[in-house]
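Chemist: Single-letter residue listing:
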Amino acid sequence: MINKYRWYEKLGLYAAVAVFLAFILAPFLEAFLVSLRPLEAVFRSPYRIITEDMSFASYFNIWVTVPGLPRYIFNSLLISTAATLLALACIIPAAYSVSRFNYRGRDLVLGALLGVNMVGATVLIIPLYKLMLGLGLLNTYWAMIIPGAAFTVPVGIFLMRSYFMRVPKELEEAAYVDGASRLYTLWRVILPVAAPGIVVVAVTVFLSTYAQQFLFALTFNSKDELHPLPIGLFAFFGRERVVYNELMAASLVGILPVLIAYVFLQKYIVAGLTAGAVKE
Amino acid sequence: MKRKLDAFPYLLLIPALVLTAIIVAWPLIETFRLSFTNASLRPGEKYVGFENYVEIFEDDFWEVIARTFVWMFIGVSLKIIMGLIGATLLNAALPGKALFRLLVMPPWIVPVAIGVFMWTWLYNGQFGMISGVAQHIGLLSGPFEFLAYKQSSFIATIVTDVWVGTPLVTLYMLAAMQSVPRELYESAWTDGAGRLYRFRRITLPLITPAILTMALLSAIWTFNSFEIIWILTEGGPRGATTTMIIDTYKTAISRFKFGEGAARAVMILISMSIFMVIYVIMMARTARKLGAQA
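So the sequence lines, in the order shown, correspond to chains U and S. Residues in the first sequence are numbered from 1 upward in steps of one, following UniProt numbering. Residues in the second sequence are numbered from 1 upward in steps of one, following UniProt numbering.
Worth flagging that the hints you see were computed from the coordinates, not collected in a lab. Worth double-checking, as some hints may not be accurate.
What the hints assert, rightly or not - Non-contacting residues of chain S with respect to chain U, defined by C-beta distances greater than 12 Å in every case (computed): (1) L11; (2) K97; (3) Q151; (4) I155; (5) W221; (6) F226; (7) I278.
Claimed, not checked - Calculated pairs, SDA-like style, for lysine to any residue (alpha carbon to alpha carbon, straight line, at most 20 Å): (8) S:K250 <-> S:G96; (9) U:K10 <-> S:N91; (10) U:K4 <-> S:I29; (11) U:K223 <-> U:G238; (12) U:K130 <-> S:N91; (13) S:K250 <-> S:R238; (14) U:K267 <-> S:G96.
As the list claims (entries may be wrong) - Which stretches of chain U does chain S cover? Using the computed rule of at least three CB atoms under 8 Å from a CB of chain S, they are: (15) 220 to 227; (16) 258 to 267.
We put the beta carbon where it would ideally sit given N, CA and C, even for glycine.
Turn these sequences into a full structure, and let the hints steer you where they fit.
Modeler: What follows is the structure, encoded as structure tokens:
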């Protein structure tokens, strides 16, 4: 058998896995340990990993000291959900168009989308700020939802296109023969077949907007009750002394819903990340 | 099914085009226009020609450009190396692989800013884990504030950036490795080729296109990286981690100098474009070389 490892090879591989995971997981582990320490133990030297006075007190205190926490968690999920819906409304028809029809200007559209992909949001922050100011959207959810969605559209179209291309053409032709309109065919025949692809695109878009809420919220919103989690917790750094144990407890509680969802949706996330790698 | 001037496919594009036109295309044009004005928060702006550009280069702007590219180059290289290591380990036929894959992803799942909050604590010199453990095993003789010195903060921001980017590169590399036909390995193995030889002569050449594509994407993202540096150092100490993105944001948003900020943003677009052109030419050359070898 080609893949048989000798015992020392196995040992080496597991050791490498352990080192690799240590790098990936150390911040989470340390965040958890800090969240268990009382504040005077957090700021104590020399450093000790485990101390006797550890407790879950911070996890109870944060609801009092960070009264906005549930709101921040909700805002984060709301902003990303709305951005995902808006993005999908743009991505699905456009991806269907570029994957199914041959027309003048199609390659131009695809090329332009690739170009858009290269421009980071920070580069455009000045006109975007003026735009939000002009539209009266500063300090509203929309100022975080709309740009968040827009920057995911190009990648989303390419991803969705690869799923539409796998749907057999005969499906539409059969529907047309039955006299179905093209919009009806897209809605009732193609979308159900492409549903797994849509889930992958939706999860991918959701996660990328969820990960990137910082910039737009930092720049376009100053209303505390609208802040997403990262900005809500960023306020910890504005105080005289960063209350790290509560910051870490609040961070971990805040990301828990998405981490739990991740465990169940892992398959779709991986599919979204790796589509395209195979065909290059 | 063929019709003359079919409007349907164009209509389907409208929502996507409208959104990108408003949020990306117009701001792009507006950035160019603003870069020739003295716009600020106050209403009213006038054209100043190339004044903003001249002013930028009177500062240490070349240094900022160079720093940005060094930061990006080291970050992307490390991400690719980490990704290749991770993917090779994930690709090995080891029990427990599914769990390993599950545990690799979290830095990419959680909001970037939250991950960086955790790193600010790790880098704390007095009480943080890295300094603490390093002192314990004798690597450091006393507390070391990683974010307080020019060199160490430069490295620290890169390390955090690599941490955020590694999961994605790992999974992408894994997908590329898994698309290599198994028969190739088997016939090489029958010929007595060792594991390392197989990696060097089969895996690496076949996934090189994927590596090059990923490196380009990663370079774009790393170049545009904002919140990692902003939260860790805000570009300090004494400008040591001020990349072009941080520099633009500071000028435009923190100091409300829209015109000058726009000029700096335009310089980002120009530098990026030059880099991309060089990269794509080199990528095509590598692809041709690989094709000639095969």
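Chemist: If a hint holds in the structure, say so; if it does not, say that too.
Modeler: A quick look at each hint next to the structure:
no.	hint	verdict
1	L11	8 Å, violated
2	K97	9 Å, violated
3	Q151	21 Å, holds
4	I155	15 Å, holds
5	W221	8 Å, violated
6	F226	5 Å, violated
7	I278	14 Å, holds
8	S:K250 <-> S:G96	46 Å, violated
9	U:K10 <-> S:N91	13 Å, holds
10	U:K4 <-> S:I29	59 Å, violated
11	U:K223 <-> U:G238	16 Å, holds
12	U:K130 <-> S:N91	48 Å, violated
13	S:K250 <-> S:R238	14 Å, holds
14	U:K267 <-> S:G96	16 Å, holds
15	220 to 227	violated (count 0)
16	258 to 267	holds (count 5)
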